[in-house]
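Undergrad: Sequence:
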Amino acid sequence: MHTGEICKRRISSGELYCYFKMRFYIGVGIFTRFLCLEFWELLVIPYC
25 MHTGEICKRR
35 ISSGELYCYF
45 KMRFYIGVGI
55 FTRFLCLEFW
65 ELLVIPYC
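Mapping the sequence shown onto the working numbering, position 9 (from 1) lands on 33, and the numbers just tick up by one.
Honestly, the hints are just simulated from the structure, not real lab data. All values reported here derive from a predicted model rather than from experimental measurement. For glycine and all other residues, C-beta sits at the position ideal for the given N, C-alpha and C. Treat the hints with care, as some may be off.
[Claimed, not checked] DEER-style ranges, computed between Cβ atoms:
{"no.": "1", "residue 1": "Leu-40", "residue 2": "Cys-60", "range": "27 to 33 Å"}
{"no.": "2", "residue 1": "Phe-44", "residue 2": "Trp-64", "range": "29 to 35 Å"}
{"no.": "3", "residue 1": "Gly-38", "residue 2": "Glu-65", "range": "40 to 46 Å"}
{"no.": "4", "residue 1": "Val-68", "residue 2": "Leu-40", "range": "29 to 35 Å"}
{"no.": "5", "residue 1": "Tyr-41", "residue 2": "Leu-61", "range": "38 to 44 Å"}
With the hints as extra help, turn the sequences into a complete structure.
TA: See the structure below:
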């Protein structure tokens, strides 16, 4: 779904809040996984 389509549809503030909250949590989850993988590689590779 494109942002333009979302803007065209009339969404109540509650639904919009839920949408952005969901996007935020997904972004944070991806970011933390990426950081964990980076640190894991830094910790494990030197000992191999």
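Undergrad: Against each hint, give a clear statement of whether it holds in the structure.
TA: Each hint, compared with the structure:
no.: 1; hint: Leu-40 with Cys-60: 27 to 33 Å; verdict: 31 Å, holds
no.: 2; hint: Phe-44 with Trp-64: 29 to 35 Å; verdict: 30 Å, holds
no.: 3; hint: Gly-38 with Glu-65: 40 to 46 Å; verdict: 41 Å, holds
no.: 4; hint: Val-68 with Leu-40: 29 to 35 Å; verdict: 42 Å, violated
no.: 5; hint: Tyr-41 with Leu-61: 38 to 44 Å; verdict: 31 Å, violated
Consistency note: the structure conflicts with the earlier hints numbered 4, 5.
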